[in-house]
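Q: Residue strings, one per chain:
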Amino acid sequence: MTRRVASVDQVSTTPLRLVTVEDRNVQIASTIAVPVIETEAQLKALIVSLSGVDAVGAEARAAKLSTRSIKKSTKLAAIEMAISMIDLTTLEGADTPGRVTSLCTKAMRPDPRDLTVPSVAAVCVYPDLVAHARSVLGSSPVAVASVATAFPSGRASLKVKLMDVREAVSAGADEIDMVIDRGAFLSGRLGQVFDEVVAVKEACGHAHLKVILETGELVTYDNVRRASWVAMLGGADFIKTSTGKVTVNATLPNALVMLEAVRDFAETAGRTVGVKVAGGIRTSKDAIRYLVLVNETVGSTWLTPNLFRLGASSLLNDLLMQRLKQQRGAYVRADEFSGD
Amino acid sequence: MPTFAPTNSAGIDVSDRQLANSQLGSLEYDPAPESAAIAKLESSYGLFIDGGFSDGEAHEQFATVNPANEETLSMVAQASAADVDRAVSSARRAYDKVWSKTTGAQRSKYLFRIARLIQERSRELAVVETLDNGKPIRESRDVDIPLAAAHFFYYAGWADKLDHAGFGVNPQPLGVAGQIIPWNFPLLMAAWKLAPALAAGNTCVLKPAETTPLSALVLAEILEQAELPPGVVNIITGDGSTGAALVDHPDVDKIAFTGSTEVGRMIQQRTAASHKHLTLELGGKGANIVFDDAPIDEMIEGIIDGIFFNQGHVCCAGSRLLVQESVADEVLRRLVRRVEQLRVGDPLDKNTDVGAINSAAQLLRIRELTAFGESEGATRYTSSCELPQKGYWFAPTVFADVAQSHRIAREEIFGPVLSVLTFRTPEEAVAKANNTNYGLACGVWSEKGSRTLWVAERLRAGVIWANTYNRFDPTSPFGGMRESGFGREGGRHGLEAYLNV
Chain V
1 MTRRVASVDQ
11 VSTTPLRLVT
21 VEDRNVQIAS
31 TIAVPVIETE
41 AQLKALIVSL
51 SGVDAVGAEA
61 RAAKLSTRSI
71 KKSTKLAAIE
81 MAISMIDLTT
91 LEGADTPGRV
101 TSLCTKAMRP
111 DPRDLTVPSV
121 AAVCVYPDLV
131 AHARSVLGSS
141 PVAVASVATA
151 FPSGRASLKV
161 KLMDVREAVS
171 AGADEIDMVI
181 DRGAFLSGRL
191 GQVFDEVVAV
201 KEACGHAHLK
211 VILETGELVT
221 YDNVRRASWV
231 AMLGGADFIK
241 TSTGKVTVNA
251 TLPNALVMLE
261 AVRDFAETAG
271 RTVGVKVAGG
281 IRTSKDAIRY
291 LVLVNETVGS
301 TWLTPNLFRL
311 GASSLLNDLL
321 MQRLKQQRGA
331 YVRADEFSGD
Chain F
1 MPTFAPTNSA
11 GIDVSDRQLA
21 NSQLGSLEYD
31 PAPESAAIAK
41 LESSYGLFID
51 GGFSDGEAHE
61 QFATVNPANE
71 ETLSMVAQAS
81 AADVDRAVSS
91 ARRAYDKVWS
101 KTTGAQRSKY
111 LFRIARLIQE
121 RSRELAVVET
131 LDNGKPIRES
141 RDVDIPLAAA
151 HFFYYAGWAD
161 KLDHAGFGVN
171 PQPLGVAGQI
181 IPWNFPLLMA
191 AWKLAPALAA
201 GNTCVLKPAE
211 TTPLSALVLA
221 EILEQAELPP
231 GVVNIITGDG
241 STGAALVDHP
251 DVDKIAFTGS
261 TEVGRMIQQR
271 TAASHKHLTL
281 ELGGKGANIV
291 FDDAPIDEMI
301 EGIIDGIFFN
311 QGHVCCAGSR
321 LLVQESVADE
331 VLRRLVRRVE
341 QLRVGDPLDK
351 NTDVGAINSA
361 AQLLRIRELT
371 AFGESEGATR
381 YTSSCELPQK
391 GYWFAPTVFA
401 DVAQSHRIAR
411 EEIFGPVLSV
421 LTFRTPEEAV
431 AKANNTNYGL
441 ACGVWSEKGS
451 RTLWVAERLR
461 AGVIWANTYN
471 RFDPTSPFGG
481 MRESGFGREG
491 GRHGLEAYLN
501 V
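Going line by line, the protein sequences match chains V and F. Here the numbering used here is used: position 224 in the first sequence is 224, and no number is missing along the way. Here the numbering used here is used: position 424 in the second sequence is 424, and no number is missing along the way.
There may be inaccurate statements among the hints.
Below, simulated DSS-like cross-link-like pairs (lysine-lysine); rule was C-alpha separation at most 25 Å, straight line [stated by the list, open to error]:
(1) V/K285 x V/K245
(2) V/K72 x F/K448
(3) F/K390 x F/K350
(4) F/K161 x F/K101
(5) V/K245 x V/K71
(6) V/K71 x F/K101
(7) F/K276 x F/K97
(8) V/K72 x V/K285
(9) F/K109 x F/K161
(10) F/K97 x F/K161
(11) F/K109 x V/K64
(12) F/K97 x V/K325
(13) F/K40 x F/K276
(14) V/K325 x V/K285
(15) F/K97 x F/K109
(16) F/K350 x V/K285
(17) V/K245 x V/K72
(18) V/K44 x F/K448
Rough simulated footprint, nothing fancy, chain V against chain F, three-plus residues with beta-carbon under 8 Å [claimed, not checked]:
(19) 85-91
(20) 291-301
Derived from the structure by calculation, the hints contain no laboratory data. Every residue gets a Cβ at the ideal spot worked out from N, C-alpha and C, and that includes glycine.
Please build the complete structure, drawing on both the sequences and the hints.
A: Printed below as a string of structure tokens:
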């Protein structure tokens, strides 16, 4: 694989000023496409050619960016931006249509007393509740996302996974969150992971595909970078950190490595892929740290719900509370906001 | 600076449902300045001699300014030769009567106290440091002050264990140490000097740099608070003449100097054929060597940290980038993009990455040398960041197509200026890295451990970092070879400079 994109010559025009982040995005159009992947050997060759990740350095970078001080109007804007990027999620065995109704209502107008609060990006439910969510949301701008492909373990045959996807899509899902087969990835069967992503993408039809890497089970940053590329090459519209069902969920360094991957992929393949962080993001401070990470790693282009999502449930109430705090200067009781 | 305006221009094909949500306004970081009032600066400071502040004998003063806006922060005393004599006498008295008679455990108690007091007053010290030096508050808060405290903690632990430091049984102190420190890390350099000296049982006369005396004077308050016996540490402010008087004073047993190679050479001449022990930590022209298998994102961050940390006012800065030819274009492209993202401006703003140049004189030197870079044919990339109108500022700059013979590849610029050279083989990398009069620090970036070790064994530099740069720790010795000086600071080795071994 070649990582070269815009040649340095393009940058070094007089009077020797640097290329800006915005200029860079213009350059994406004229980039070299990645080679077509036809065999597993080609895929593996490309994946192992990716630069390694130095764990100490990646963690230090993420920690440094998390010290950015976001205050006043920036904080308010960031809070509203974060709200608009939420995939409001309920993925419990005990989910009921009533709970989903409540969730959808909240998704459309998170704070019923203040309609200037943006609606969230999507609600995320199990496939059997997609139709119900769809009917509650009606023509609202909130999308329905559904986990499929034997979520969260991914341990089923491809046939079953594809059925799962098709049912969710036909029930009205706009977005599918699939899980990769971590067993296949970790044992080196990259072709199988790639083929599954391709097949699921095809089964999605018009629906967007988010590919969950389950970084907590991939363990190393090298694996996270490699899995990101397999998913993107397979056709992912988004790559997503976690199911939220294992011990280690989204972390800043993992998100950093994934953001670097989408940046490099956009430059190499000319296609922009989104990133979704999920699991364990509960506070506004956490959410804002992710926004800063996005802003300073891939640039503001990605600061849109089309390219960045936060999968969460309790986060929304904290964002609403902090938003009111910014406006009123004092905290309100937690019970001011509905539980679901 | 990165703008924060979300757009859909590069978005994936978006459904109507999602479009409505993506029309948010732009989002830029609001200023987040730390309050200058936290520094609680006095309008003037005297000399800290014999446990208290007093005016200089000649009552002369000079101003110390904030390099970010050229405003005067405070007036400080100009110590004359007579004041130096007073300080050295006080240190001698304290050594003879008190400090040489204390036990290691007692010295350790004072060092622990000082360390804790630095931590307690860390916010104040960080603001003082940033005001006086121009460095970003993020760095003084997260690096300078915590590391200064860490040095006192570390050497507090050694004070009662000198028998086990590898210098024989009951190693003896030298006596009175004269310590002259630079302006780039004012408090941290004071800690590097004072902590091992005190742990080993010496008394000190410390002279902070002319342009950055304030944090040392706050440290003097801390020493009082810690009830350190009078005269054990004396802090005298002044210009080069004060430093010269200290170097020449006959009753000083040891000179420790950190600063330019030029002044270091002068000091070595003046202390030659005297009884004075000497350690010098001088300039550098560190090489950061990048192989084609380096972890690219962390390597770019490492290069950035290596040269733009503290505006490049770092003796061990990675001011030369040696990059393997096969990845040179890619590295330069990413580097230049990253340089553009650095946030340059108000040092007190918590989101600032690069602050002000410490003095007008230093700014002049940086401008002169970079002008040479252009006239000698290197390709210059300079950040398009807006620089404040007042104060001393220099935009982060990268020179590509630099040759070994260019002045910007040979001379220490001591500013935010990186020179990029290429190499083809590990042998060539080592040869180029070593082709300098200096020998302070180098970095090696590769995922291949055997190659990193092969290169590190052949580099002539006191510090070699692997897959990182500009990382400091009190447990690790630091110091140079050749014209970068001699002697080690930090670690067990740092004690040797203050023991009669």
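Q: Against each hint, give a clear statement of whether it holds in the structure.
A: Hint check results:
For the hint pairing V/K285 with V/K245, the CA-to-CA distance comes to about 22 Å; that is within 25 Å, so the pair holds. At most 25 Å may separate the alpha-carbon atoms for a hinted pair to count; V/K72 and F/K448 exceed this at roughly 46 Å. As the CA atoms of F/K390 and F/K350 are separated by approximately 20 Å, the hinted pair is consistent with the 25 Å bound. A distance of roughly 16 Å separates the Cα atoms of F/K161 and F/K101; the hinted pair therefore holds under the 25 Å criterion.
For a cut-off of 25 Å, the pair hint linking V/K245 to V/K71 is broken: about 33 Å separates their Cα positions. With a CA separation close to 54 Å, the supplied pair V/K71 and F/K101 exceeds the 25 Å bound. At most 25 Å may separate the alpha-carbon atoms for a hinted pair to count; F/K276 and F/K97 meet this at roughly 21 Å. About 13 Å separates the Cα atoms of V/K72 and V/K285, which keeps this hinted pair within 25 Å; it holds.
Taken as a hint, the F/K109 and F/K161 pair is honoured in the structure, with Cα atoms around 13 Å apart against an allowance of 25 Å. Between F/K97 and F/K161, the direct Cα distance comes to roughly 22 Å. Compliance with the 25 Å bound is thereby established for this hinted pair. With a CA separation close to 34 Å, the supplied pair F/K109 and V/K64 exceeds the 25 Å bound. Restraint check for F/K97 and V/K325: not satisfied, since their Cα atoms lie roughly 61 Å apart, outside the 25 Å limit.
At most 25 Å may separate the alpha-carbon atoms for a hinted pair to count; F/K40 and F/K276 exceed this at roughly 38 Å. Taken as a hint, the V/K325 and V/K285 pair is honoured in the structure, with Cα atoms around 13 Å apart against an allowance of 25 Å. At roughly 19 Å between alpha-carbon atoms, F/K97 and F/K109 fall within 25 Å of each other, so this suggested pair holds. Distance check on the hinted pair: F/K350 and V/K285 sit about 16 Å apart at the alpha-carbon level, within 25 Å; holds.
Only pairs whose Cα atoms come within 25 Å are accepted, and V/K245 paired with V/K72 is rejected, the gap being roughly 35 Å. Among the hinted pairs, V/K44 with F/K448 is consistent with the structure: their alpha-carbon atoms are about 20 Å apart, no more than 25 Å. Beta-carbon proximity to chain V at under 8 Å applies to 0 residues in the stretch 85-91 of chain F; the threshold of 3 is not reached and the given coverage is violated. Against chain V, the stretch 291-301 of chain F contributes 8 residues with a C-beta closer than 8 Å to a partner C-beta. That satisfies the three-residue criterion, and the hint holds.
Of the hints listed earlier, those the structure fails to meet are numbers 2, 5, 6, 11, 12, 13, 17 and 19, in rising order.
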